[in-house]
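Novice: Going down the list, the protein sequences come from chains A and B.
Residue numbering for the first sequence is 1 to 270, as defined by the numbering used here.
Residue numbering for the second sequence is 1 to 274, as defined by the numbering used here.
Just to be clear, a hint being listed does not mean it is correct.
[As the list claims (entries may be wrong)] Listing some non-contacts, in silico: residues in chain B with all C-beta distances to chain A over 10 Å:
no.: 1; residue: HIS160
no.: 2; residue: ALA181
no.: 3; residue: ASP213
[What the hints assert, rightly or not] Lysine-lysine pairs mimicking DSS-like chemistry, simulated, CA-CA at most 27 Å apart:
no.: 4; chain 1: A; residue 1: LYS114; chain 2: B; residue 2: LYS133
no.: 5; chain 1: A; residue 1: LYS168; chain 2: B; residue 2: LYS133
no.: 6; chain 1: B; residue 1: LYS143; chain 2: A; residue 2: LYS147
no.: 7; chain 1: A; residue 1: LYS147; chain 2: B; residue 2: LYS133
What the hints contain is simulated information worked out from the structure, not anything from laboratory work.
For glycine and all other residues, C-beta sits at the position ideal for the given N, C-alpha and C.
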Amino acid sequence: MAIITISRGSYSKGKEVAEKVAARLGYNCISREVLLEASKRFNIPEMKLIRAIHDAPSILDRFQHSKQAYISYIRSALTQRANMDNIVYHGLAGHILLKGVPHVLKVRITVNMKDRIASEMERESIGEKEALALLLKDDHERRKWTKSLYGVDPWDSSLYDLVIRIYKLSVDDAVDFVCQAACRQQFKTTDSSRHIMDDLAIACQVKASLVDHFFDVAVTSEYGNVIIYTKTRERQGQRLKKKVEILKEEIEGINNLEVHAGLPYPPDAV
Amino acid sequence: MPIITFSSDSYRKSREIAKKTAEALGYKYVDRKILSSVAVKYDIPEAKLIKTLDETPSFMGMSSKAHKQYLAYIQEAVLGELLDDNAVCHGVAAHLYLLGISHVLKVGILMDFDERVRQVADQEKVSIEKAKKIVRRQEKQRKRWSLDNFNLDETDPSLHDMVINISQIDPEEAVSMISTATGYRKFKPMTYSIKCMQDRELAARVRVALLKDFPDVRVQARDGTVVAEIKALKREKHRKSSAVKELVGNISGVHYVEVHAINDIFRQAAESGR
Numbered sequence: 001m002a003i004i005t006i007s008r009g010s011y012s013k014g015k016e017v018a019e020k021v022a023a024r025l026g027y028n029c030i031s032r033e034v035l036l037e038a039s040k041r042f043n044i045p046e047m048k049l050i051r052a053i054h055d056a057p058s059i060l061d062r063f064q065h066s067k068q069a070y071i072s073y074i075r076s077a078l079t080q081r082a083n084m085d086n087i088v089y090h091g092l093a094g095h096i097l098l099k100g101v102p103h104v105l106k107v108r109i110t111v112n113m114k115d116r117i118a119s120e121m122e123r124e125s126i127g128e129k130e131a132l133a134l135l136l137k138d139d140h141e142r143r144k145w146t147k148s149l150y151g152v153d154p155w156d157s158s159l160y161d162l163v164i165r166i167y168k169l170s171v172d173d174a175v176d177f178v179c180q181a182a183c184r185q186q187f188k189t190t191d192s193s194r195h196i197m198d199d200l201a202i203a204c205q206v207k208a209s210l211v212d213h214f215f216d217v218a219v220t221s222e223y224g225n226v227i228i229y230t231k232t233r234e235r236q237g238q239r240l241k242k243k244v245e246i247l248k249e250e251i252e253g254i255n256n257l258e259v260h261a262g263l264p265y266p267p268d269a270v
Numbered sequence: 001m002p003i004i005t006f007s008s009d010s011y012r013k014s015r016e017i018a019k020k021t022a023e024a025l026g027y028k029y030v031d032r033k034i035l036s037s038v039a040v041k042y043d044i045p046e047a048k049l050i051k052t053l054d055e056t057p058s059f060m061g062m063s064s065k066a067h068k069q070y071l072a073y074i075q076e077a078v079l080g081e082l083l084d085d086n087a088v089c090h091g092v093a094a095h096l097y098l099l100g101i102s103h104v105l106k107v108g109i110l111m112d113f114d115e116r117v118r119q120v121a122d123q124e125k126v127s128i129e130k131a132k133k134i135v136r137r138q139e140k141q142r143k144r145w146s147l148d149n150f151n152l153d154e155t156d157p158s159l160h161d162m163v164i165n166i167s168q169i170d171p172e173e174a175v176s177m178i179s180t181a182t183g184y185r186k187f188k189p190m191t192y193s194i195k196c197m198q199d200r201e202l203a204a205r206v207r208v209a210l211l212k213d214f215p216d217v218r219v220q221a222r223d224g225t226v227v228a229e230i231k232a233l234k235r236e237k238h239r240k241s242s243a244v245k246e247l248v249g250n251i252s253g254v255h256y257v258e259v260h261a262i263n264d265i266f267r268q269a270a271e272s273g274r
């Protein structure tokens, strides 16, 4: 079965589509659950995680690397969930956090600005200008977040398998299309795609465990053979190796763990 | 029944899907073949019309005036063809000048960057690095073309009702999705949307008639009433308005012509400086 990520702007009816798709296919619909899980597991207040995944990094964040750490926690929680398959994720950045997994159907739902403004005005009891300003600010933040952390524009259609505009097409029509696409052979979980997902989950777990002390590590995993890439020098390298030994015991599914220092990071590394 | 427009960053693949959709629905298929009749009608080489759709005006290439004129010819021909509904339109940028007409289903077809690079490398027999450069240049060119000619960003997903990435979703599935969407009530032609289409076609015909003498003309049409906006000096206003009325008056479908002559401030400044 498939994993479906639904990307959306605020008030873009993506949540409605996600819930209906999940109900029709009998999948789990998740969004905030991932943050709660990450918050619980890594003992970080949920609000900090929400800010990490919503607001673009400030200059201070770039030095503190706290945002990268929080995103690693969220990614770890999401990949753990996604590993169970049959989910519809409509939280932020699903298409980026689950990048490279073949059985992920990446969907973006858009709505025209007028409808979004009307929804925001109704919900927040504010005027049209204020609603527009809030939406533009929100969109700007989301775009800046993705651009600064992953170098891509979330509005770029080529990041998705399907982009549906709720205007002439209704929410139910969008649900039909998403379900139709999700049932296709390309999005069925195969042995090889499951391995890719398993490896991504392992790599994310390793990264989340290390990122607190070693923010600049990158991790890859292939059939449980994990390679940690680092730029750290000899002394820190020893500390990393000690930590790695403990990880081997802690994280399930690791066959072998190696540390490579000074090598360029592979593009698919977490 | 509706009109379906296709736009894509991969011309060949989207043409294949557009053709299959037309066949599946039994619709008329309109593509760049229409350019041959335009070329004959206006006595222009067909290659120049193709260039108009692919390139922006440049100092060494096509002049801005010629580009605008040729594009107007193409628009006129395409809109004329699409008056009958039940049509699939591909490769003539129709999605950019059919905005706001409710029975038009606008579909975007995308392909992953790497796949496009491989295709270009195979077709042009060049290295992957060179192919990447070509694809990036094409992307920039497409965006600039739509911004220059229609002030719209081709890559903006809100210009489409649905965008399908065929690197993951196979063409047959895409055809099936598009065919399903055409059955939805919102894409059925209504009296109003048909009238909008007729108005737009009339405006395109009038614009073609005026472009030669009035390169800056902007035309709107509603129920046979045509409003033409031209630039003129104060002393020319009357003469130019009469000329517009004379040129447009005989066009079929035109019942009344209104001319708005706007003061040409640049020419006025140039003349006062003499």
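Novice: Are the hints correct? Go through all of them and say.
Specialist: Do the hints match the structure? See the list:
| no. | hint | in the structure |
| --- | --- | --- |
| 1 | HIS160 | violated, 7 Å |
| 2 | ALA181 | violated, 7 Å |
| 3 | ASP213 | holds, 38 Å |
| 4 | LYS114(A) / LYS133(B) | violated, 38 Å |
| 5 | LYS168(A) / LYS133(B) | violated, 37 Å |
| 6 | LYS143(B) / LYS147(A) | holds, 19 Å |
| 7 | LYS147(A) / LYS133(B) | holds, 22 Å |
The structure is inconsistent with the numbered hints 1, 2, 4 and 5, although it conforms to all the rest.
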